[in-house]
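Q: Sequence:
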Amino acid sequence: MTAVEIASPVTLLASPAGGGRLAEVRARAAAREESRQARQRARASRHRRSVEELRHVVERGQAQLHADGDRPEATAVEVVAWAVREFGPYLAVASSMQDLVLAHLVSRQLPFVDVLFGDTGYHFAETLGTRGAVEIEMDVDVVDVRPALTVAEQDAQHGPRLHDRDPEACCAMRKVAPMRQALQGYEAWATGVRRGETAARANAPLVSFDERNGVVKINPLAAWTDEEVQEYARTHGVVVNPLLSDGYPSVGCEPCTQRVEAGQDARAGRWAGRDKDECGLHV
Numbered sequence: 000m001t002a003v004e005i006a007s008p009v010t011l012l013a014s015p016a017g018g019g020r021l022a023e024v025r026a027r028a029a030a031r032e033e034s035r036q037a038r039q040r041a042r043a044s045r046h047r048r049s050v051e052e053l054r055h056v057v058e059r060g061q062a063q064l065h066a067d068g069d070r071p072e073a074t075a076v077e078v079v080a081w082a083v084r085e086f087g088p089y090l091a092v093a094s095s096m097q098d099l100v101l102a103h104l105v106s107r108q109l110p111f112v113d114v115l116f117g118d119t120g121y122h123f124a125e126t127l128g129t130r131g132a133v134e135i136e137m138d139v140d141v142v143d144v145r146p147a148l149t150v151a152e153q154d155a156q157h158g159p160r161l162h163d164r165d166p167e168a169c170c171a172m173r174k175v176a177p178m179r180q181a182l183q184g185y186e187a188w189a190t191g192v193r194r195g196e197t198a199a200r201a202n203a204p205l206v207s208f209d210e211r212n213g214v215v216k217i218n219p220l221a222a223w224t225d226e227e228v229q230e231y232a233r234t235h236g237v238v239v240n241p242l243l244s245d246g247y248p249s250v251g252c253e254p255c256t257q258r259v260e261a262g263q264d265a266r267a268g269r270w271a272g273r274d275k276d277e278c279g280l281h282v
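Counting along the sequence shown from 1, when you hit position 94 you're at 93 in numbering that gives the first Met the number 0, and nothing is skipped either side.
Quick caveat, the hints were computed from the structure, so don't treat them as lab data. Don't take every hint at face value.
Unchecked claim - Computed spacing ranges between beta-carbons, pair by pair:
1. Asp165 - Gly68: 43 to 49 Å
2. Arg40 - Gln257: 43 to 49 Å
3. Gln257 - Ala62: 41 to 47 Å
4. Asp69 - His235: 29 to 35 Å
5. Arg35 - Asp165: 17 to 23 Å
6. Leu127 - His235: 18 to 24 Å
7. Pro110 - Arg160: 21 to 27 Å
8. Leu21 - Asp69: 52 to 58 Å
9. Arg84 - Ala267: 36 to 42 Å
10. Glu253 - His55: 38 to 44 Å
11. Arg25 - Glu167: 16 to 22 Å
Glycine included, every Cβ here is placed at the ideal spot set by N, Cα and C.
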């Protein structure tokens, strides 16, 4: 399977070329469950640190990882290694199921790391298919982060198609608030934020304290280009969303994401026609 080909779980299990494919999938599921139990034991032996303690961790991390004089900025692998050492079972990875490059990078050092997927109820079918493939293909543990209200309940309380009338409110309810709640169980989250994506992200640090969520925020891929992300996915056969090769260089919720024209900014299709290019998770 290449980086841009997503097969269904049924196809993966039934493929004649797969040989012991079913045994492989079952073994991964068993390893995932063992990892969950080990993580619970590890957490029981060390409580989540306070905000003040986490701020001190950030200071140490910035001193070790950020560029300083002739010392270059740490590589993505070095940043992940630091994060795994510092946070272990209290580290999570955020993924929109656009590509799983960051999750793959972290899982090589922390197998079956929690991958937080904001399941908004508005995703493309391809995005949900990618999420399903990830559990079969990768050594990660996907955690679905869902809003308090279903789409139907939100429509009943706030009127239908809130995303058209007030996208900020919709994002706040369906993305920002649920993720903030989920992060209370962790000390740090690693995100795929990259400096080249938008002007707002141009100065993204490798490590900082996330004031809004009260956790450490780590951006291992901050310096990576689009080409570097794509090359990593090809080289390692990482699961990616097929929409990336169908005119969607940045994938969000279906009602608010459009294809972009050649030469346009990668995020031009997100909330197209509005003065908005962030959902609120990273600003």
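Q: Take the hints in turn and mark each one as holding or not.
A: Against the structure, the hints come out as follows:
1. Asp165 - Gly68: 43 to 49 Å: holds (47 Å)
2. Arg40 - Gln257: 43 to 49 Å: holds (46 Å)
3. Gln257 - Ala62: 41 to 47 Å: Holds - the Cβ-Cβ distance for glutamine 257 and alanine 62, about 43 Å, lies within 41 to 47 Å.
4. Asp69 - His235: 29 to 35 Å: Hint holds: Cβ distance 32 Å, inside 29 to 35 Å.
5. Arg35 - Asp165: 17 to 23 Å: violated (38 Å)
6. Leu127 - His235: 18 to 24 Å: holds (23 Å)
7. Pro110 - Arg160: 21 to 27 Å: violated (41 Å)
8. Leu21 - Asp69: 52 to 58 Å: Holds - the Cβ-Cβ distance for leucine 21 and aspartate 69, about 54 Å, lies within 52 to 58 Å.
9. Arg84 - Ala267: 36 to 42 Å: holds (39 Å)
10. Glu253 - His55: 38 to 44 Å: holds (42 Å)
11. Arg25 - Glu167: 16 to 22 Å: violated (44 Å)
Going down the numbered hints, you'll see the structure goes against 5, 7, 11, while the others check out.
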